[in-house]
Structures are given as C-alpha cells and as structure tokens.
Amino acid sequence: MTQINDGVLTILGESIKPGESKEVNFDVANLHTSTPVNVPVIVERSKKPGPTVLFTAGIHGDEVNGVEIVRQLIAKGINKPKCGTIICMPVINIFGFINLKREFPDGRDLNRVFPGSPSGSLAGRVAHKLINQVVPHVDLIIDFHTGGSGRFNAPQLRYSKENKELNDLAKVFGAPFVLYSKNLSKSFRTTCYKLGKPLLLFEGGKSFHIDDVVTNSGVNGSKRILKHLGMLKTVFKSSKPKKACVFINESKWQRAKYSGMFKAAVTMGSHVEKDAILGNITDPYGKFNYFVRASHTGYIINVNESPIVYQGDALFHISTKLKK
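If you count the sequence shown from 1, position 210 lands on 210 in full-length UniProt numbering, and the numbers rise without skipping.
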C-alpha cells in the first residue's frame, strides 16, 4: 500500500477527520413510490495515518453471504482500524437486495456496466458514483460475491494471472483456493484494474444462502489482510490458514449428460481422481439412475446444488491445471 491519508477525507459530500467515525449515504435514486433509499457507507478512521481499505458486497442483490461477511466486520468492530481508514459498503445494489433480485430494476447487471455514466441507466449511475466518488480514495478493495443459480462456490479469490501484488495478498488472505480468471469487460474488477486499484474478489457460497464456513473464511481472511497492513487492533486474533492456498491456473465445468433429479455426493473443495463418483441423476419414476463420474482429476471448486437439472447444465467446476 502506498497512499497515506493523514488529513481530512472528503467522501460522498462528507468530511471525516482522522480519528472520526461517520456513516455517509450513497443515495442515487428513490424507489418508485418516492420513498428515499439510504445506502449506508460506514467509514472508520484512526488518528494514526495509514492505508485506506474498502470492503464491498451486494453488487448482486441476491448474494447475501457477502453482505453477511461485511456485516460481521462492522458488528464485531473489526472495521475500526489501528491505523489508516476502513470503508465498508455492505449492500451496493440496494434495489436488488430489496427486491431479492440479482439485477437492478432496469434488468441490468451492475457488474457489467462499469465505469458507468452520470446520465445513463440506474445501474450505470450507481457504477459511476462508486468509481468516481469512493474508489479514488482507497488503496485496496476486497469485494465479496457468491455463486449464482444454485451453484455453491468453495471459498476462493479471483483475479487475473501474473499479478504479484495480488498473489502476495492472496497468500495473506488465506482462502482455500485462488482461481485465476480473466478480467471481464465492464466489471467492477476490470475498471479498478485500469485505475491501478488492487482488488481481491472473494467468491463463496451461493445466492440467497448464508454459510458459516464461507462467512468465516471471508472474515478471517479480511482480518489477516488488515493485520498484514498493520491495521488490525490487537484485541482481535488472526489465525493462520489451516492449509496452504491452492492456486488454479485452469479449470473446467463438467455438465449433465441427462436431465433429471440431481444429487451431489462429493465434498466441496475435495480433491477427486478421474472416474470418481461425484453424484447421480435420476428420473422421478425410479427407472433411471446415472452416476456422474469425474471427467478428470482435480479439485472441486463449485457444485450445482439444484435438485433438478437439464442436459447441458453445469454440475461441477473442477481444476485442470495448478500453478507450480
């Protein structure tokens, strides 16, 4: 971290001095009922100068496990830094969160409209405000996501390959897996990359679900990062990861060969050998039972937990090539 903020921080129209705590409002538009929508941004500043870290969640309104991770950081006081500044935005897509929808009311995926526009769609305006009024003040971003469409992600970090700074931070964070993935066009991650703002994207769990293992991985990883930066207060303990992080260069989805009722039989995050039984697909009438076998050896980093699948649906995400 290179930037040192030891003066007054002016963010979203509010001025916050070193040592101050303040909740500011990231408001963009009212509901269709004219009801105002408050989107709280919690800012905690130490009197001692240091880096500024931004924790974000809820870019997709149905990804509540990420919201829970940032909520715990706030509720436990982990966001009160020993030095520097910590900014928490637990729910960015408040409109989707209210409606229990992944997208905005205009049908747009917020994570595909960055950097946005001040005169564009509702999602585009939110993206523009985040990029122009919050991101310029920070030195590191940790963005929490979950799997969608019933697919459960093992706790993992995602970022583009060959990034030494993020590799070093990922080892500190200590998630079970790192999945190298290309920066997607118009995503929050890509836009921050172009702005020179390091971002760790955490994936874990599935939509509309809170999982204790995933939550603990996100909270503990955040504490390790803050301790690494000298920002974690001594009252909080930061334990080392139980296992070394597995860095995955390449991975592949294994898809359903048949439609039917599906049940996985493999432990999330486990290492499987080729031809191992991963689950089975049956029909409702007891006449058909197909065993899904691993197409190759690797780690299981995502499992489809939907009870009904169709031919071609993604069932298991399995690593194919690890970083040496």
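Some hints could be false.
Said to hold, decoys possible - Below, in silico cross-link-like pairs of lysine-lysine (DSSO-like), each with a Cα-Cα straight-line distance of 30 Å or less:
no., residue 1, residue 2
1, K257, K227
2, K197, K237
3, K101, K274
4, K243, K47
5, K80, K48
6, K243, K274
7, K237, K274
Hint data in this document are derived by calculation from the structure and do not stem from the laboratory.
Checked hints:
1. A C-alpha spacing of about 47 Å is found between K257 and K227, which places the hinted pair above 30 Å, so the restraint is violated.
2. Our distance criterion of 30 Å between C-alpha atoms is met by K197 and K237, whose separation comes to about 28 Å.
3. The hinted pair formed by K101 and K274 fails the criterion: a straight-line CA distance of about 37 Å is larger than 30 Å.
4. For the given pair, K243 sits about 36 Å from K47 by alpha-carbon distance, which is inconsistent with the 30 Å threshold.
5. For the suggested pair K80 and K48, the alpha carbons sit about 12 Å apart, so the restraint of at most 30 Å is met.
6. Under the criterion of a C-alpha separation no larger than 30 Å, the hint pairing K243 with K274 is consistent with the structure, at around 23 Å.
7. Note on K237 and K274: the hinted pairing is violated, with a Cα-Cα distance of about 40 Å set against a maximum of 30 Å.
The structure is inconsistent with the numbered hints 1, 3, 4 and 7, although it conforms to all the rest.
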